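Visitor: Chain residues, written in single-letter form:
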Amino acid sequence: MPINYEDNIYEVIRNRERCINCRVCERQCANLVHKYSAETGEMVSDSMTCVDCQRCVSLCPTKALKIIKNINTYRDNANWSESAIKSLYKQAESGGVLLSSMGTPEPYPVYWDKILINASQVTNPSIDPLREPMETRVSLSRRPQNVERDGEGNIVNTIKNALTLSVPIMFSAMSYGSISYNAHKSLAIAAKKLGIFYNTGEGGLHRDFYEYGANTIVQVASGRFGVYKDYLDAGAAVEIKMGQGAKPGIGGHLPGEKIVDDVSKTRMIPKGTDAISPAPHHDIYSIEDLRQLVFSLKEATNYTKPVIVKIAAVHNIAAIASGIARSGADIIAIDGFRGGTGAAPTRIRDNVGIPVELALACVDTRLREEGIRNDIALVVGGSIRNSADIVKAVALGADAVYIATGALLALGCHLCRSCHLGKCNWGIATQNPELVKRLNPETGSVRLINLVTAWKHEIEEMMGGMGINSIEALRGNRLMLRGIGLTNKELEILGIYHAGE
Amino acid sequence: MKKIYVQEEWCLKCRLCEYVCAYANSGCENIVFALKNRPISPRITVEDDGKICFAVSCRHCDDPSCLKGCISGAISKADGVVRIDKNKCVGCLTCVLSCPYGAISVGPEGTATKCELCIGNAGGTPMCVRFCPNRAIICE
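Listed in order, the protein sequences are those of chains A and B.
Going left to right, the first sequence walks through residues 218 to 718 as the working numbering numbers them.
Going left to right, the second sequence walks through residues 5 to 144 as the working numbering numbers them.
Hints were generated in silico from the structure; no laboratory data involved.
Some clues are possibly wrong.
Simulated coverage check for chain A against chain B, where a stretch passes if three residues somewhere in it have a Cβ under 8 Å from a Cβ of chain B [unchecked claim]:
1. 234-242
2. 270-279
3. 657-667
Here are some chain A residues the structure puts well away from chain B; computed CB gaps all over 12 Å [said to hold, decoys possible]:
4. Ser-300
5. Lys-307
6. Val-327
7. Glu-365
8. Asn-399
9. Gly-412
10. Ala-431
11. His-499
12. Asp-506
13. Phe-512
14. Val-569
15. Thr-582
16. Arg-602
17. His-674
18. Ile-710
Below, simulated DSSO-like cross-link-like pairs (lysine-lysine); rule was C-alpha separation at most 30 Å, straight line [said to hold, decoys possible]:
19. A/Lys-410 <-> B/Lys-7
20. A/Lys-252 <-> B/Lys-17
21. B/Lys-55 <-> A/Lys-640
22. A/Lys-446 <-> A/Lys-410
23. A/Lys-280 <-> A/Lys-640
Please read all numbers here as calculations on a predicted model, not as lab measurements.
All C-beta atoms, glycine included, are put in the ideal place defined by N, C-alpha and C.
Please build the complete structure, drawing on both the sequences and the hints.
Guide: Written out as structure tokens, the structure reads:
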């Protein structure tokens, strides 16, 4: 037998003093890490298959478990790190492309953490959001250039097909297939109750969720899965997915094992076949082609719904965004390179694209310079982690943000980054019915609602601190931001001053 | 009075309810002391035939067979809760035989025990409801 180079990454540590052999860990682990030995009357763990999803740790009634990094050490090498060596071993064994899930864990700079928010002192009063009205509602659409009035001097509302959100937050695209029925249901219920939107992703819309249509953004991606008239009509907006932050420039591949009954019906492809989204849209090779698709979709929906174009943040994003703003689309969604995914080639996820903070700043600047910022709304996603990130994004010029990883965390995800294995112990990224039922949408939706409500309060507090009482007045208000520990070039791109300036 | 209901759709057969029930009724403050190396006698049991699973505990019937069959007058019903007075129970187990749900079992002292909605211990929400990870057990 050849040598097995694989080594367990984590180690399950069981405190024998506390373990009561209740076997809850054994029943809850889809990776079969824990086993009860009738002979010794004790639990044993095989750390080899552990993905560190923390399900057993969370459910252990006596808190007898913890998972640590395997401390087995390779010889120190700053160049050939342990993970670099292990990846190489894996490929030497398999001959395949390395796959990963969720956003890149590599230590790239997080610009949100290098930006500070302003507050009022003395010369302009701050506002107490608990006593005074605070507007967090935003409207996403093309904005009018001029105010029009009728004969009697009343303002005529020329805004068409706007998406109105109670908070500048939406749940970004995650397809049914990559995430479970119950995860989708949780998002749909929460979006409806919060007065925001969730996004179907590219996998079509399950029949059961048509009732949430008024809070649904339906996506049209290069695979065109599940796209037909009723689908387009069901949503409040249509999103054309050109790219995804985690894997710019490449398509998607949902393995046949995940195309079970309902997923196959919803995607409109045969059961068990791989769902392959091509890298490009085969009908889009230029901005003009994109414009055609934008108007095809508008035509198909009788010009009643806004069209969103979602792109990954890449090097020449500003020029691309400028093109999209002229394509007739109503909203641009930019997905930064730290954005999540159900599965992506590791090397692409970890090396392709640019941070969303820089992409947002340069796109907003470019569109303003060209005088077309009002022609389009700007939504950004790709690792928005908290309400402060949202405030910073809005101040950099975003109209709203997309959250997905954050939403999954609220549903129980522990970022073990093993979605591509299809054995999600939290019932999120799996189609195994035994695992899917672990996510009760009743509790899931409440947790999502709690999260967004908490963030709304915090956004109000931060805006109040700055003396601002509406999101509109915060948008693009870069004077409210200061950089910390950034180079001149970074500050220039972000369009903000350094702290102290 | 509130009752405990199970939503079988959400039962994961993790059996946490059984262990927290045994803990709640052990009188021990520490869950490890209560459950480690000793037989447990939970008042809720997860039934599982491979296809369907759910936790079963006393239904607190409108017309309880156990109460009618009790030879020592240990079982009573007040405020919608059927309870067993272990000081009166003689351990004949007639109630165990007569319960149509199999919700009565023999406790560590040889007397019959059953779910009493945690009235005597934690107070407020029954422990199985509080600790069910998927809201499969609810108290309404």
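Visitor: Now tell me if each hint is right for this structure.
Guide: Outcome of the hint check:
1. Proximity of the segment 234-242 of chain A to chain B, defined as three or more residues with a beta carbon under 8 Å from a beta carbon of that chain, is established by the 7 residues found.
2. For a cut-off of 8 Å, the count of residues in the segment 270-279 of chain A with a CB near a CB of chain B stands at 4, and the three-residue condition holds.
3. Counting residues of the segment 657-667 of chain A whose C-beta sits closer than 8 Å to any C-beta of chain B gives 3, which meets the bar of three, so the coverage hint holds.
4. Its beta-carbon lying about 32 Å from the closest one in chain B, A/Ser-300 satisfies the requirement of being farther than 12 Å from that chain.
5. Distance to chain B confirms A/Lys-307 as a non-interface residue, since its nearest Cβ pair spans about 32 Å, more than 12 Å.
6. For A/Val-327, the shortest C-beta to C-beta distance to chain B comes to about 32 Å, beyond the 12 Å cut-off, and the non-interface label holds.
7. Remark: the non-interface label on A/Glu-365 is consistent with the geometry, its nearest Cβ contact in chain B lying 52 Å away (cut-off 12 Å).
8. At roughly 10 Å from the closest C-beta of chain B, the C-beta of A/Asn-399 falls inside 12 Å, breaking its exclusion from the interface.
9. Every beta carbon of chain B lies more than 12 Å from that of A/Gly-412, the smallest distance being close to 24 Å; the non-interface claim holds.
10. No beta-carbon of chain B comes within 12 Å of the beta-carbon of A/Ala-431; the shortest separation is about 26 Å.
11. With a least beta-carbon separation of about 42 Å from chain B, A/His-499 lies farther than 12 Å from that chain, consistent with its non-interface assignment.
12. At roughly 47 Å, the least C-beta separation between A/Asp-506 and chain B is larger than 12 Å, which holds for a residue marked as non-interface.
13. Under the 12 Å C-beta cut-off, the non-interface status given to A/Phe-512 relative to chain B holds; the minimum distance is some 44 Å.
14. A/Val-569, annotated as away from the interface, keeps every beta carbon of chain B farther than 12 Å; the closest lies near 38 Å.
15. Once the 12 Å rule is applied to beta carbons, A/Thr-582 is consistent with being away from chain B; the minimum gap is 48 Å.
16. Every CB of chain B is more than 12 Å from the CB of A/Arg-602 (nearest about 25 Å), matching its label as outside the interface.
17. With a least beta-carbon separation of about 25 Å from chain B, A/His-674 lies farther than 12 Å from that chain, consistent with its non-interface assignment.
18. No beta-carbon of chain B is positioned within 12 Å of the beta-carbon of A/Ile-710; the least distance is around 46 Å.
19. A C-alpha spacing of about 28 Å is found between A/Lys-410 and B/Lys-7, which places the hinted pair at or below 30 Å, so the restraint holds.
20. For the given pair, A/Lys-252 sits about 16 Å from B/Lys-17 by alpha-carbon distance, which is consistent with the 30 Å threshold.
21. At roughly 20 Å between alpha-carbon atoms, B/Lys-55 and A/Lys-640 fall within 30 Å of each other, so this suggested pair holds.
22. A hinted pair counts as satisfied when its Cα atoms are at most 30 Å apart, and A/Lys-446 with A/Lys-410 qualifies at roughly 26 Å.
23. At most 30 Å may separate the alpha-carbon atoms for a hinted pair to count; A/Lys-280 and A/Lys-640 meet this at roughly 23 Å.
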